[in-house]
Amino acid sequence: MSTVDSPPAPPTRTTRAAAATADYLDQRTGVGNAVKEFARKIFPDHWSFLLGEIALYSFVVLLISGTFLTMFFVPSMTEVHYHGPWAAMDGVQMSEAFASTLRLSFEVRGGLLMRQIHHWAALIFMASIVTHMMRVFFTGAFRKPRELNWLVGFTLMILGLLAGFSGYSLPDDVLSGNGLRIADGVARAIPILGSYISFALFGGEFPGTELIPRLFTVHILLIPALILALIGLHLLMVVLHKHTQYPGSGRTDKNVVGYPLFPVYVAKAGGFFFVVFAVIALMAATMTINPVWNYGPFDPGVVSAGAQPDWYMLFLEGGLRLMPGWEFVIGEYTVSMNILVPGVIIPGILFTTLALWPFIEAFATGDKREHHVLDRPRNAPFRTAFGVAFLTAFMVLVLAGSNDLIATHFHLSINDITWTFRVLLFVGPAIAFWITKRICLSLQRKDRELVLHGHETGRIVRFASGEYIEVHKPLDAHERWLRVQHEPRRPLEIEPAEDSRGVRRKGYRIDAARRRLSKVFYEDRVEPVTPAELAAAQSHGGHDALPLAQEERHEELTAGASGSRHLAPEPEDTEGTQGTQRR
Amino acid sequence: MKALAARRHHRSAPVVLLLLALLLTGAVYAIAQPASADAAQAAASESDVAAGQKLFQANCATCHGVSAEGREAVDGGAGGPSLIGVGAAAVDFQVGTGRMPAQMNGAQIQAKPVQFTQDDINKLAAYVASLGAGPAIPTEEQVDPSKGDAANGMALFRTNCAMCHNAVGAGGALSQGKWAPALDDTTPTHIYEAMLTGPQSMPVFNDANITPDEKRDIIAYLDEQRDGSPGGLSLGSLGPVSEGLWAWVVGIGLLIGASVWIGAKSS
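Residue numbers (my numbering), protein chains in the order written: chain S, 1 to 583; chain L, 1 to 267.
Don't read these hints as lab results, they were simulated from the structure.
Fair warning: this is a prediction, and the values are worked out from it, not measured in the lab.
Treat the hints with care, as some may be off.
[Said to hold, decoys possible] Pairs of lysine-lysine residues, derived as DSBU-like cross-links and limited to a Cα-Cα distance of at most 30 Å, are as follows: (1) S/K368 x S/K268; (2) L/K265 x S/K254; (3) S/K144 x S/K506; (4) L/K265 x S/K41; (5) S/K368 x S/K473; (6) L/K54 x S/K268; (7) L/K265 x S/K36; (8) S/K242 x L/K265; (9) L/K112 x L/K54; (10) S/K519 x S/K368; (11) S/K254 x S/K268; (12) S/K144 x S/K519; (13) S/K506 x S/K437; (14) S/K268 x S/K446; (15) S/K144 x S/K437.
[Claimed, not checked] Pair ranges (Cβ atoms, derived): (16) L/D213 x S/F274: 24 to 34 Å; (17) S/A430 x L/D213: 39 to 49 Å; (18) S/F274 x L/P230: 20 to 30 Å; (19) L/G228 x S/L233: 38 to 48 Å; (20) L/M163 x S/G203: 20 to 30 Å.
[Unchecked claim] Looking from chain L toward chain S, a few residues come up when the C-beta cut is under 8 Å (computed): (21) Y29; (22) T159; (23) V241; (24) G244; (25) G251; (26) L254.
Cβ coordinates follow ideal geometry from the N, Cα and C atoms, glycine included.
The task is simple: from the sequences and hints, build the whole structure.
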């Protein structure tokens with residue numbers, strides 16, 4: 001921040017008042033130190049760092065609109081007859097929860113808008129959590145020291161799912177009742193404990209009369225409190241670790257390059273809150289969401305075509321739709337694989353993998369160092385490919401959950417779609433993995449090519465001898481640094497099973513497992529250009545010097561192990577007016 | 001009596017008795033049969049029936065046979081069911097929605113632009129109705145949405161119809177490429193006729209199952225849906241899938257756009 005120091009203007013009335021207030025507060029709370037510390041905190045600048053903020057702000061919108069809704073919603077399953085402006089429900093018997101939702105929508109001024117803001121904000125909340133998680137995953141931001149914060153974020157996502165499910169079940173309409181019936185079915189599919197869990201949840205046989213009040217407490221008290229606490233922890237850890245930064249000249253694992261919180265990010269983030277609120281309000285004002293008056297009050301005997309959960313639960317619905325009706329009977333107990341697999345086992349596998357990924361990757365790399373510079377996704381081909389394969393499986397399940405709409409809108413047979421997705425659930429991720437890995441490796445080769453030969457200029461020069469060459473423009477120092485700054489990742493080498501005297505080494509087996517995993521991760525790789533390769537390419541302008549460079553690099557690596565690990569000269573000047581802080 | 005007693009062992013006596021019994025049964029059935037069955041017949045004149053027959057033979061006989069007796073599909077060729085007794089309502093629905101004459105074979109006959117004038121459709125209906133008793137085209141009053149009870153219609157619709165046609169009649173998928181069509185543009189008369197005749201995969205909801213008044217309630221409920229959604233754009237009334245799609249496309253789309261803008265904004 002290089003603001004030019006101008007002679008201070010004479011204090012106006014406003015500034016004097018502000019200074020006096022600040023001084024009053026500081027003398028009594030000592031808040032000045034904290035403000036000073038926070039205001040000067042440096043954050044790196046990138047649009048993708050705002051994805052998590054969308055989640056935070058949509059949560060604030062959820063709290064505001066949710067508070068409004070609690071003033072009018074009656075969480076009760078008492079049966080009443082509705083009389084109101086909505087003709088299609090006039091005189092219909094329904095629970096008080098549903099009747100109050102109708103009143104809140106049609107009779108409370110601004111009620112429908114608030115309900116729609118709340119529901120759209122919930123969809124945006126989950127969508128932004130997922131995109132934020134993708135950003136963190138694909139850039140490797142979960143690596144040490146942020147593994148625990150990944151877990152906190154993961155828990156927040158699960159809590160978001162529960163908040164959404166408990167929330168859209170509250171109006172007690174047909175659609176949400178269908179969802180609860182599925183939840184009941186999944187609970188019952190759990191061997192031995194199933195019926196007990198179901199009866200405990202519903203206070204007796206489904207649907208009972210106790211569920212809505214229970215869900216209400218969970219939805220407005222328990223889950224929001226947990227989410228708030230964990231958001232606090234999540235942000236606290238961001239401050240403690242300091243934010244990660246994308247690779248670039250001047251950025252290392254030991255510093256943070258960016259702008260101070262005050263005034264830059266206070267303005268940007270504060271403004272962004274209003275942008276998020278505005279987008280949600282715009283959607284709520286123009287697009288219907290969850291029209292419960294279409295579905296009608298819950299009746300266990302009714303289900304309508306197109307009954308699906310909100311998008312973030314759709315993958316579970318997809319699993320259920322894909323699973324063949326397998327079940328078997330042991331003694332007098334039925335084991336419902338048709339529900340157990342898609343309802344418990346598939347989400348179990350997906351979520352466990354996601355939660356444990358930082359630890360799986362740390363095991364494969366054996367890397368115990370801190371990482372604050374993010375990976376470019378191409379430089380971690382296995383991770384990137386795995387992430388894309390994971391998303392592909394998720395997408396296939398989401399689409400399978402929408403199979404009836406795909407059938408009607410594209411004039412296809414629902415049976416063919418189901419079979420296609422059954423196959424794709426296994427084949428799709430494998431293909432996606434292979435393609436993504438190839439793309440990553442190709443991009444890395446492209447980077448090498450650029451560093452070694454420079455940009456093509458399209459200028460052809462003919463020598464006196466008759467030889468033609470194309471002139472290549474070398475990369476500038478910043479461009480080059482971006483492409484050579486990362487470390488090569490190689491499969492781990494481990495110590496032998498027995499020492500020189502033939503005594504078996506403790507911990508060999510776990511090391512062997514680590515080596516196998518590491519080989520899976522890093523066997524296929526393209527390494528960044530080394531200074532020697534670069535020098536060879538620049539001085540000789542040909543490829544013939546390269547084999548020699550391979551040997552030099554080994555020395556380079558071992559020599560540099562203690563100090564800087566950068567394999568190419570780093571540009572001296574940092575760009576623009578950004579500030580730098582040590583970690 | 002003596003003459004009767006003398007001839008009762010006559011060898012043609014059983015045949016005469018059988019004929020008399022048949023005549024009696026026919027006569028009783030003619031009196032006892034549902035009145036609606038010949039309502040259209042009564043309205044249709046002889047000339048309508050004759051004109052309808054001509055239209056039928058020119059446009060329908062290829063599949064349904066020259067006397068509407070139906071034809072087996074041979075070697076993948078055209079074939080169609082017998083139309084004797086399907087009634088005028090079935091003709092008015094099938095031809096009036098453009099499903100008939102059928103364009104092509106498939107999982108289900110598709111609706112397309114109507115091929116005949118209402119006058120011709122009425123003649124065809126008169127002809128088919130003359131072949132055998134069947135449900136008649138409902139009257140204006142029977143299908144008038146303003147005379148129905150939308151709330152009762154809602155209850156009936158979601159119990160009987162929503163599992164295929166979606167909660168507000170936006171349509172849904174059936175097995176093997178068949179589907180339950182959206183009802184947004186279907187006229188009240190066609191909705192009534194569909195319930196009465198059960199076209200294609202749809203079951204028949206006869207007057208004992210859903211009474212004529214209840215049918216009108218259902219029509220009233222569907223009519224309610226045409227005023228648009230109080231919440232704004234209906235997004236096709238397709239439920240959470242389309243909501244989720246728009247949340248990603250519009251919501252996350254705009255917000256990522258805003259993020260890029262804020263991120264690119266020089267500090």
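Now for the hints, and whether the structure bears them out:
no.: 1; hint: S/K368 x S/K268; result: violated, 35 Å
no.: 2; hint: L/K265 x S/K254; result: holds, 26 Å
no.: 3; hint: S/K144 x S/K506; result: holds, 26 Å
no.: 4; hint: L/K265 x S/K41; result: holds, 20 Å
no.: 5; hint: S/K368 x S/K473; result: violated, 39 Å
no.: 6; hint: L/K54 x S/K268; result: violated, 77 Å
no.: 7; hint: L/K265 x S/K36; result: holds, 25 Å
no.: 8; hint: S/K242 x L/K265; result: holds, 22 Å
no.: 9; hint: L/K112 x L/K54; result: holds, 23 Å
no.: 10; hint: S/K519 x S/K368; result: holds, 18 Å
no.: 11; hint: S/K254 x S/K268; result: holds, 26 Å
no.: 12; hint: S/K144 x S/K519; result: holds, 21 Å
no.: 13; hint: S/K506 x S/K437; result: violated, 35 Å
no.: 14; hint: S/K268 x S/K446; result: violated, 35 Å
no.: 15; hint: S/K144 x S/K437; result: holds, 24 Å
no.: 16; hint: L/D213 x S/F274: 24 to 34 Å; result: violated, 54 Å
no.: 17; hint: S/A430 x L/D213: 39 to 49 Å; result: violated, 59 Å
no.: 18; hint: S/F274 x L/P230: 20 to 30 Å; result: holds, 27 Å
no.: 19; hint: L/G228 x S/L233: 38 to 48 Å; result: holds, 45 Å
no.: 20; hint: L/M163 x S/G203: 20 to 30 Å; result: holds, 28 Å
no.: 21; hint: Y29; result: violated, 38 Å
no.: 22; hint: T159; result: holds, 6 Å
no.: 23; hint: V241; result: holds, 5 Å
no.: 24; hint: G244; result: holds, 3 Å
no.: 25; hint: G251; result: holds, 5 Å
no.: 26; hint: L254; result: holds, 5 Å
Going through the hint list in order, the structure does not satisfy hints 1, 5, 6, 13, 14, 16, 17 and 21.
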